[in-house]
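Undergrad: In case you want the letters, here they are:
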Amino acid sequence: MEYSLNVNGVSRKVDVPERMPLLWVLRDSLGLKGTKFGCGIAQCGACTVLLNGQPTRSCVTAVSAVGTRAVSTIEGLSPDGSHPLQRAWVELDVPQCGYCQAGQLMAASALLKSTPSPTDQQIDTAMSGNVCRCGTYLRIKQAIKAAATGGGRA
Amino acid sequence: MAHTKNDSRLDRRAFLQVSVLAGGGLLIGFSSPDALAQRGGGPGGAAASLAPNVYITIHPDNTFTIIAKNPETGQGIKTALPMIIAEELDVDWAQVKIQQADLDPKYGAQMEGGSRAIPSNYHNMRVVGAGGRVLMLAAAAQQWNVPQSELTTARGVVSHAASNRTATYASLASRAATLPAPEVTTAEAALKNPRDFKIIGQRIRGVDAQDIVMGKAIFSIDVAPPNTLHAVFDKCPVFGGKVVSANLDEVKKLPGVRHAFVVEPAGQGSNSCVSGVAIVADSWWLANDARRTLRVMWDEGAAATQSSVGYLAQARALAAKAAAATPAAASAPAPAGGRGGGGAMIGDVNAAFAGAAKVIEAEYFFPLLSHAPLEPQNSTAHYKDGRLEIWSPSQIPSKQHPATGAGIPPENVTMHLARSGGGFGRRLVSDYDVEVGRIAKMVTDERVAAGLPSVPVKLLWTREDDMAHDQYRPTGYHFFKAGLDASGKLIAYRDFVASTNSVVPANEFPRGFVENVSIMSENVTPFSVPTGALRAPPTNGVSFVIQGFIDEVAVAAGKDPLQYRLDLLNSPVGPGATGGFNPARARGVLEAVREMSGWNRRSELPTGTGKGVAFQFAHAGYVAYVVEVSVTASKALRVRRAWCAVDIGRQIVNPSQAENLVHGGLIEAMSHLMAWNITIDKGRVVEQNFRQYQPTRMSQVPTDIQVRFLQTDFDPTGLGEPSLPPAVPAITNAIFAASGVRIRSLPLAPQGYSWG
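Protein sequence lines correspond, in order, to chains A and B.
With the working numbering, letter number 69 in the first sequence gets 69, and the count goes up by one each step, no holes.
With the working numbering, letter number 163 in the second sequence gets 1163, and the count goes up by one each step, no holes.
Incorrect hints may have been included.
What the hints assert, rightly or not - Below are the EDC-like pairs computed for lysine to aspartate or glutamate, each with C-alpha atoms no more than 16 Å apart in a straight line:
hint: 1; chain 1: B; residue 1: 1097; chain 2: B; residue 2: 1211
hint: 2; chain 1: A; residue 1: 145; chain 2: B; residue 2: 1704
hint: 3; chain 1: B; residue 1: 1384; chain 2: B; residue 2: 1411
hint: 4; chain 1: B; residue 1: 1198; chain 2: B; residue 2: 1092
hint: 5; chain 1: B; residue 1: 1489; chain 2: B; residue 2: 1560
hint: 6; chain 1: B; residue 1: 1216; chain 2: A; residue 2: 80
hint: 7; chain 1: B; residue 1: 1216; chain 2: A; residue 2: 75
hint: 8; chain 1: B; residue 1: 1682; chain 2: B; residue 2: 1299
hint: 9; chain 1: B; residue 1: 1358; chain 2: B; residue 2: 1552
For the record, the hints were derived by calculation from the structure and aren't laboratory data.
Go ahead and model the full structure; you've got the sequences and the hints to work with.
TA: Spelled out as structure tokens, the structure:
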């Protein structure tokens, strides 16, 4: 099936089976490999992208279900790594293995868009679907607060 | 865990090498005769046959490329080792670019395991950097005709203060290339005084951090040479099972499927390819989706009768038999073996138990665990004309692995090291490299037969494949008995271990601090589950049981559990009985967490809240935790705060990453504690994915983990592993302090606990 996807503001045409998850369309058809495969069942969040700004697990989202919604991936978060979250992530040296961090950043970016100055609890809730196997959660939370308007609230 | 030779000190026969690059750059490195001998050369061989062993490239613009020799799986070694070179070379970190090495004997051992990277390389990397600096000094001294002793270096520039002259390293490179390479002893004599360090000991960000946050870092799973086909490998869910037949013709008709074939086993042991069916398609999802159609008839083999429940029942039977048969008296000398050796029999435990004022017994159990790195196993290889090129995420990369799979000599393999999404010991085993070697060879053979060009093949496991085909952390069943005298002193200690791979803590504390000790084991058999090293073997499980039981003993003695450990550590019994363990360093970390955590004020904590302590000597490091938890009546558990003291010697190379590794150790411990549990039914793993194997999540972690690094006068050692083991018993001991419930088996979720 042919699909026209709006990915990071660019219209992209793909010819793939309708059941193919968006994750594999992004990675294998469009070469956008920043979005990662971790579990395939929406349990780890490594594959998190935004659909119309909503964090979505692309590993369980069939390409046929995307429709006209805007797809945002880590490659589109900023052209040059200057998004406040990206800057905070680097500044605080968040990553260990780094594999989950694209998903973490996408989930965090959606949070700050809707809640510019989140509380600890709001951060925990928004980020609960994103696993960091290495355990960088303290720094992730710190980085979200650093990037938030006013540095987030305790 | 794997061992490496040449730890901590450079081979005395090693020598530095210098060579000129086209365009005016300069290469500096060092080689050891051993490494060269592996390449068929040697120190006495013709110079032309020696590849330069290169770590430093000096570019004409006075920037520097430094090689990162070891595989990076998140431990931060790609940053740490180049930091050490840059420090002694005396350049600015901003002038440095890092390049990941390919697998090549010229770099010596290239592996991640046993927390050995820092102890094995710290000195060597310093010498490489210092050799470069000495060479620049010699070149400047010659150019200006001044004594080398009047010269100084900083930020990649040599200065002569008396004549107010300066020269960049780059401007000296062509002259330096005409000079003899400095002797290793000369470089060693030029090492900096650590108080002058400007890079080592600084919080340096991970070299790939910027690429990671932009989604640009290339992980193993992202490696995709042009025309790559994608493979899945369907293996028998029962360990050791074999393919009898499969509906390959049906599978081959599916959209996008290019190849489907039965793969015969290759190799022996863990680094092998087992029987299975490979499906190779245009995209990975198509290959994996074809598994819905795939029907395999398996010969499940002997393991199909085994279950975890059976192991526990057998462990209890073994323990009962051993207790009945315990010899009346034993005075056999302690075995000379290291950790995990054959057991220990010191003094006369039975007589001591008989005369004890108090005897306590307890049964402790920890389960099989899967590593579950977030990036599932994968590897990419291209077989062509009898040669194979591979991009491997292995922690112990070896050309032998894909060579075994492809049936070619290892010298016909070119191996690139790919960044991987977590190791934790899983990637110490390279079964995926053997598999991809075999599958890539079969794909090429089929294509060549059909008149098609060869293509690279990327093998990717699903999470379910990963959880079903791991080398699991072995289970341990420990049956403890302790005898106390009237003052509460521990006078007799017995640990009977029903083990699944002979992990017996023969040299672990409190052995060495008790007069009468019996540590014995018997293996649970048959046991067909493949086991291997998970982060910090064997103490990742053993620390839980021993530090938990010692806590019980302290409580039985009516003593402060932290002070009780210190008192034991202050009373060594017999020389050399502790396997290299230094009780002074263990006391140091315990005293530090006591002070950091306000341990002595813990009685002021509210009801339902408590603090627990544990320490562990693991992989040459000493770590102690105090953890504060709260537990509700409905067993909702919250880890509120944690304090950690670490002694890994006189120098922390990168405090930012070191602190991160401690956070990760505690947070991984929380996964072990609450939910991680691999169970076996009919010879296969029951848990399939994270839904049944939940890792710790952000909302569950404490708001604060305080870390203190003690600086002691010992050589620097690693931290990836030591940060994990004592975190588990510190939490279970805190649960006892908070609720009076002693945790004797893991995980907690089946016992009714949840995160609060």
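Undergrad: With reference to the structure, classify each hint as holding or not holding.
TA: Against the structure, the hints:
1. Straight-line distance between C-alpha atoms of residue 1097 (chain B) and residue 1211 (chain B) comes to about 13 Å, which keeps the hinted pair within the 16 Å bound.
2. For a cut-off of 16 Å, the pair hint linking residue 145 (chain A) to residue 1704 (chain B) stands: about 15 Å separates their Cα positions.
3. The suggested pairing of residue 1384 (chain B) with residue 1411 (chain B) holds, with an alpha-carbon distance near 14 Å, which does not exceed 16 Å.
4. About 9 Å separates the Cα atoms of residue 1198 (chain B) and residue 1092 (chain B), which keeps this hinted pair within 16 Å; it holds.
5. Simply put, residue 1489 (chain B) and residue 1560 (chain B) have alpha-carbon atoms about 13 Å apart, close enough for the 16 Å limit, and the pair holds.
6. This hinted pair checks out: residue 1216 (chain B) and residue 80 (chain A) have alpha carbons roughly 11 Å apart, not beyond 16 Å.
7. Restraint check for residue 1216 (chain B) and residue 75 (chain A): satisfied, since their Cα atoms lie roughly 8 Å apart, inside the 16 Å limit.
8. Under the criterion of a C-alpha separation no larger than 16 Å, the hint pairing residue 1682 (chain B) with residue 1299 (chain B) is consistent with the structure, at around 13 Å.
9. Pair hint residue 1358 (chain B) plus residue 1552 (chain B) holds up; C-alpha atoms about 12 Å apart against a cutoff of 16 Å.
Comparing the model with each earlier hint shows no violations; every hint is respected.
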